[in-house]
Every structure is written in structure tokens, then in C-alpha cells.
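**Q** What follows is the residue order along each chain.
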Amino acid sequence: MRELRKTFGKVKAVDGVSFEIEKGEMFGLLGPNGAGKTTTIRMLTGIFDPDSGVIEVDGKDMAKHKLGSKARMGIIPEIGNVYPDLTARQNLELFAQFYGIGKEERKARADRMLGDLGLKDRADDMLRGFSKGMKQRVSIGCAMVHEPDILFLDEPTEGLDVQSRRLIVDKVKELNAKGSTVLLTTHNIEEARRLCQRVCIINKGKVVAIDSPERLRSTFTEVQSVEVSFDRKVGCDLFQEKCVASATEYGDKVRIYTNDPDAVIDYLVRLKHERGLKIVSLQVLGPTLEDVFVKLTEGSR
Amino acid sequence: MNYDLMLRGTLVTAKKDMMIYYRKAPVYIFGLILPTFLFFAFFVGRDLDMQKYFPGFLAMSLFFTASSVGPLIIPWEKQAGTFERLLSLPLNIPMLILGDSLAGAAFGLFISTIIFAFGSLLVGITAPIGLLILLPFFFIIGNVCFAAMGVLLSSPAGKVPANIMMLAALVRFPLIFISGVFVPLSEMTGAGQVVAYFSPLTYLVDGLNAALGQEAVIGAGWDLLALFLFTIIFLAGASYVLKRKAMKGL
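Protein chains in written order, with my numbering: chain L, 1 to 301; chain R, 1001 to 1250.
Hints are supplied without guarantee of correctness; some may be wrong.
[Stated by the list, open to error] Straight-line alpha carbon distances no greater than 25 Å define the calculated BS3-like cross-link-like pairs of lysine-lysine that follow:
1) K1015(R) - K103(L)
2) K278(L) - K1243(R)
3) K1243(R) - K1052(R)
4) K132(L) - K120(L)
5) K1248(R) - K66(L)
6) K10(L) - K23(L)
7) K132(L) - K23(L)
8) K64(L) - K1245(R)
9) K1248(R) - K1024(R)
10) K66(L) - K1024(R)
11) K1024(R) - K12(L)
12) K253(L) - K278(L)
Just so you know, the hints here were simulated from the structure itself, not pulled from any lab data.
Using the sequences and the hints, build the whole thing.
**A** Here is the structure:
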């Protein structure tokens, strides 16, 4: 996609966003709320047209080949947008039919998908009695039943239980391993780090960074931290030294952000003696992808 | 143009609507119960020539049933959160409009055929076969026309089905009073007759009068042409409005 723009009234939701995704790549789109992620996804999936800019699928302009391009895509929205008045099997078969899969084949695929998604025993129940996680599993099945070349996932695991989340992640990985391209938007930075080969961070409708998660991390050496745990609870306000940029509590640990970890360790040892504390654990950490994300999107609220 | 994809998308949309919306209560309330009550209110217990009024009643029930499914679909899909997903499928707005209209028309065709069968047994049909042959044409074009009208009514909708059902009732009720259902077109005079020509239902009533051997004022050929033009206007209008209002309520 090149120079994609979309304005709603006076608000520039997407302002000149450009990036390319390689065939077979798993690509993450990250950004704070209101950054323009969903608008970008909606344009890429043909839900609405951009005001300007070009979207190409395999070198073909999507504006000129919209139906053909959409036929190669699958989308998993944040909310399980499937038909509550149909059964799980009917939903899967209906979506397969929209993508032109023949009667016998769609029955076989629906059966297989129901088994893979752990829904075999609820296959003929109406979805209106399903939990959020089960609906989302059916939604995933509907997006994948035609084995799309390109899969879009818009916050797919938001608010789901661990089992449903793992099932969804495994299914997406499986499709990606078969050669499908995946574009994932998520607030779960750790999930993006684990799954994506490259991530794009957008803020206020513009791309602020695009690279592999590890390379993005390595470019932010100033966001280092020292994580320490004492034998008794200490407040963050204790850490008032010049070498400490900020301190945050993480469970029973305190993470101290700094650009000089050595000085912080000296300071912590001094503190330990002065206050009669005992260090339980001490670790020097590089910047996490979340740190990079926060740094890049600072001031967006 | 990929005609295969377009035909498939339209037909699967119609199938989806049939699977889901034929079971919704508002379809039966506005499509079956309401015209039945109107029939009892206006025709039963009065010393009327039922053969004369049967085409009008048949047109009225066809009008209500065909236009009862369309207003429900778009707001219901928006409320359920499925409309956005539908837009991401290999479909476009005209295909959605056409699919929704076909689903409404099929429902109307089925119900109005049953009403015609029972009605003709009760009333007795005396029209020559040469005229009766017009009946399927009026049934088909009438059902597609009023199903498209129902879809047009829902095309600017947000995600509250009740609002659109109310709007649909507001539009449909006046039409039955100005279209020759209760007062035959031949007995209308002045402004009433002029207004009647702006209603698509007038042409169905007149066409069914012609097909069932009753007095037709406009003529079957003109009636078919007028219904066809109204169908095009409703389909094009619904596509135009929905393209601009697709994201309303999402």
C-alpha cells in the first residue's frame, strides 16, 4: 500500500501510510487506540475505499480488482461477527459458499474445521448460546475455511481465555506455515513480538517505525532497565537518584529505567546497606518491544 | 467484470437472508398479520363484490409480504455486528441490495401464491386464460419491486431495526389508501387519481385487475413497464444510499 489516506470530517484517521508485506510474512500493525489501525484494515479488506493512495495485491490495483482481491482474503474481526441465528456448521458452510467452495468440499472443510477448533460436539447448536471464546473460534473458522492467501486479524485474542487464545494462535501459525500472508493488529505487544517477522507502529495516522521486533528493540538502547526484588516491599518513590529515569512496580519487583545500569546497580547496593534490605533478584534488561512502542507513541493521548 | 463472482455473491446473500430473516417475528407481523387485519377491517362483513375487490386485496398482501423482509436485514446485521464482515466478503453494495431484494421477493412470491390459490377458490376466478397468463409476470415484477422498496427503506439505517420498521410502516400505510385497493382507480377523481399515479402499488392493483378480468384503467403493458421502472429506481436508489451510509452505526 502506498500513501493511503482517509479523513472522517476534519479528522485525518490515516495520513499517508505506506508499507509492503512480503508473501508468506506474518506482519504486525501496532498502535494506541485511535492510531488508525482499524481504518487501515478496513481499507485493506475493501470495507471502504481510501480517499487517496493505492493498495496492490500481488501487483494488481485493488481498486480495479476489488472482488477478486477480496476473494483471496480472510478477516478475523475483534468481535466474533458470525450469525447467532445459525449453527456453527451453518456459519462455516455459508462463509465457504461466499468464497465459491462446492457443496461436498465445504461440508468436508466445515467438519475438519469444527474438529480443529474443538467444536465438534456443539456443531449443530445455534451460536446465540455460545460463549465469547467459542463464537470467536467459529469466527476464525469462517475466515479460514477457504484457506485464504491473506489473513487479517483485528485484535483476535482480545479478552479470550487462555485455551481459546492458544487455539487461535496455533491455527494462525498453521495457516502461515502453509504459505498464507498474515496481518495482525493487536494491543498485545508480546504476542506481536512472538508471532510477527516485522511490525509497523502507527500513531496519529502515520507510520512511526517499521522493522523486525528485535531490530526495533536494539535501536532503543537508551530504554534500558534494572529489575530488582528486595526481601520486603519498597515503594517506587524510594528511587530518587540522578541515574534513575523512572521506576515502575511489576508485582514484587521494581523496574528502574536508566541509561546507565552500572550506576543504578551501585546505587542499589548502597541502598541495600543503608536500609538493611536484602536483594532477592537483580537483572539488567534491554528495552522490550512494549518500551519501544511506548517511546514511539508518547504524547498520543 | 467478474460475472461469476457477482452472481454467486448475490445468490448466497439471498440464501443467507432466507436462512436467517424468514424466521424473524417482524416479518410475520408486518408481512402476514397486518394485511390479514386490514382484510378483516375493510372487506369482511360488508356487502362487497369480492371478485371486484380480490385483485386489490391480492396486491395489498403481495405489497406487504414482499416489503416486509428488506427493512429488517441491514439494521439487524449492523446490530449483530455482521454487516462489516459482510462488506469484507467478495461482495459489493449492489450485490447486497440485489440479494436482499431477491430474498424479500421470494418470500412475497411464496405467500402471495398461497393467498391467490385460497382466494381464487373462495371467490372464484372467471378471467379467460389469455389474461391469467399475465399473472406470473405481475407476481414476479411486483414482488421484486416491493422487496427492493423495502431494502431502499432500510439502506440509510443505523443499527436499530425498530426505527426502520416504523419508517417502513409510515411509508407503506399511506400507499395502500391512494393506490386503488379500497377505492377502485376508475372511481377516483381529481387530485386522488393524480396522486395514485405516483404510487407503484397503483400499477400492481391495475395489472392484477387486468389479469383477473376486472376493470383496468391503465392497461397491463403500461403497468408492467411502470413496475419495472420503479424496480430500477428502488434498486439504484438503495445502492446509492447504502454506499454513502454503509458505515453508519458501525
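**Q** The structure should be examined with respect to each hint, and the outcome stated for every one.
**A** The hints, checked one at a time:
no., hint, in the structure
1, K1015(R) - K103(L), "14 Å, holds"
2, K278(L) - K1243(R), "67 Å, violated"
3, K1243(R) - K1052(R), "43 Å, violated"
4, K132(L) - K120(L), "17 Å, holds"
5, K1248(R) - K66(L), "22 Å, holds"
6, K10(L) - K23(L), "35 Å, violated"
7, K132(L) - K23(L), "32 Å, violated"
8, K64(L) - K1245(R), "22 Å, holds"
9, K1248(R) - K1024(R), "23 Å, holds"
10, K66(L) - K1024(R), "33 Å, violated"
11, K1024(R) - K12(L), "40 Å, violated"
12, K253(L) - K278(L), "13 Å, holds"
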